[in-house]
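Q: Assemble the whole structure, with the sequences as input and the hints as a guide.
Protein chains in written order, with full-length UniProt numbering: chain A, 1 to 231; chain B, 1 to 231.
Please note that a few of the clues may not be correct.
Calculated pairs, DSS-like style, for lysine-lysine (alpha carbon to alpha carbon, straight line, at most 25 angstroms) [to be verified]:
hint	chain 1	residue 1	chain 2	residue 2
1	B	K60	A	K193
2	A	K197	B	K176
3	B	K60	B	K211
4	B	K223	A	K176
Since the hints were derived computationally from the structure, they do not count as laboratory data.
On a predicted model such as this, the values are computed, not experimentally measured, just so you know.
Protein chains: 2
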Amino acid sequence: MLSSCGARLRALRALCRDASAPARNPRPALRSFSSEKDPTPLSSSWSEELRLLSHQFMKKCDNGSWTLIPPQVFHDLQYQAYRTFQNSKLMKGRQVSTTLFLARNFQEILGFEYALFYNKDERRVVCFFQGGPLLQGFPGLLHGGATATLIDSIMAILAVNTMGFIMTTTLNITYKRPIAIGSVVVLNIQVDKIEGKKVFLSCSVRSADEKILYSEATSLYIKLDLEKRLT
Amino acid sequence: MLSSCGARLRALRALCRDASAPARNPRPALRSFSSEKDPTPLSSSWSEELRLLSHQFMKKCDNGSWTLIPPQVFHDLQYQAYRTFQNSKLMKGRQVSTTLFLARNFQEILGFEYALFYNKDERRVVCFFQGGPLLQGFPGLLHGGATATLIDSIMAILAVNTMGFIMTTTLNITYKRPIAIGSVVVLNIQVDKIEGKKVFLSCSVRSADEKILYSEATSLYIKLDLEKRLT
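A: Structural data, given as structure tokens:
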């Protein structure tokens with residue numbers, strides 16, 4: 001996550017409004033945000049619960065306070081970052097591709113499935129997430145590394161929207177209860193503090209009804225200096 | 001990682017000795033530990049540096065102090081855990097498979113490639129790791145989530161060998177410098193403290209020559225009670 005995605009988010013706001021349009025069609029077809037190839041049709045890889053929660057939340061996009069961020073945006077940003085930085089000192093001599101760990105490498109249904117919503121004014125992100133069996137650690141349960149990957153990636157989305165180009169500096173996760181494969185959880189992420197180039201975030205991972213706390217996390221991201229080499 | 005793998009490690013020790021056997025063949029064919037299907041031939045997915053480092057370290061297995069743990073062991077343990085627990089209260093009513101997040105889902109060369117060594121007496125694990133382009137976050141660099149996944153998984157291997165069946169409770173990572181895709185790093189993991197059912201571990205991720213510190217981490221794993229349900 002390497003760029004402010006304000007422009008794309010504004011463009012997506014219209015899509016979001018369409019998707020949550022009321023009543024004429026009592027159950028509008030949701031867009032699939034899980035497939036890289038075709039982000040438009042209803043996703044077969046989302047559980048009924050994930051669809052319902054996402055659809056309900058989409059109504060909050062109507063007044064413009066919340067904005068939907070489909071995974072396709074990550075890929076666009078990654079590609080944009082590649083183009084932007086390929087001649088910078090930061091990238092000099094480095095072989096890059098446009099792949100991204102979180103949103104790739106997994107078959108539909110079996111990996112990371114999620115719907116993301118961003119609130120610029122409140123500096124918050126809400127993410128509905130459904131983890132497939134390829135993310136298994138302990139049998140039947142989400143791998144701690146998959147949870148960490150999810151948290152780091154979603155926190156980075158908020159950090160990049162707050163600060164621009166950033167990099168993870170610390171990530172502290174407390175695993176309170178294990179998450180069952182196939183269940184839907186909700187991540188609430190917020191900016192706690194900004195100090196110069198540093199942005200401090202916190203995250204909770206709860207059950208869909210928010211009654212069960214699965215994990216808590218804090219992180220620190222630091223804004224990058226594009227004129228400096230990283231490695 | 002759900003079982004003490006002492007028996008399997010003992011069996012593997014002989015393999016390890018064979019692989020590091022001296023002189024008759026000046027450069028013995030190393031086993032591939034990156035493929036699920038065929039763990040025996042030389043791995044085409046390892047860089048020359050990863051092969052060399054692993055080969056050098058294998059010599060330490062000669063006196064039995066260090067033991068090689070190939071990824072295939074993880075899969076065997078996962079399957080063993082499935083069989084062991086499928087009728088326990090812990091697993092009751094839960095759909096499980098034998099997949100594992102870390103060691104699966106990625107094509108050779110492009111994902112997680114690693115050689116693991118365990119020292120029972122010193123309660124340490126050393127891991128040589130090479131991250132492929134599918135693990136990319138920032139262009140050309142390893143995703144923080146991939147690093148977290150690797151650290152959690154390798155720490156868990158030491159925890160399970162120390163305590164038996166465990167689960168991650170806390171994971172705290174400090175990212176000092178980014179890791180370039182394709183480079184080889186070395187993880188040094190040790191047990192810092194044991195308190196009842198708790199085991200505290202620490203980890204450093206350094207360059208192959210150990211001069212550059214990329215990341216540091218601490219974690220807490222807790223031994224599981226097999227008579228209790230987890231979720």
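Q: Does each hint fit the structure? Answer for all of them.
A: Against the structure, the hints:
Only pairs whose Cα atoms come within 25 angstroms are accepted, and K60(B) paired with K193(A) is rejected, the gap being roughly 48 angstroms. Between K197(A) and K176(B), the direct Cα distance comes to roughly 16 angstroms. Compliance with the 25 angstroms bound is thereby established for this hinted pair. Taking the CA atoms of K60(B) and K211(B), the gap is about 21 angstroms. The hint holds against a cut of 25 angstroms. Distance hint between K223(B) and K176(A) is fulfilled; the C-alpha atoms sit about 14 angstroms from each other, no more than 25 angstroms.
Checked against the numbered hints above, the structure violates only hint 1.
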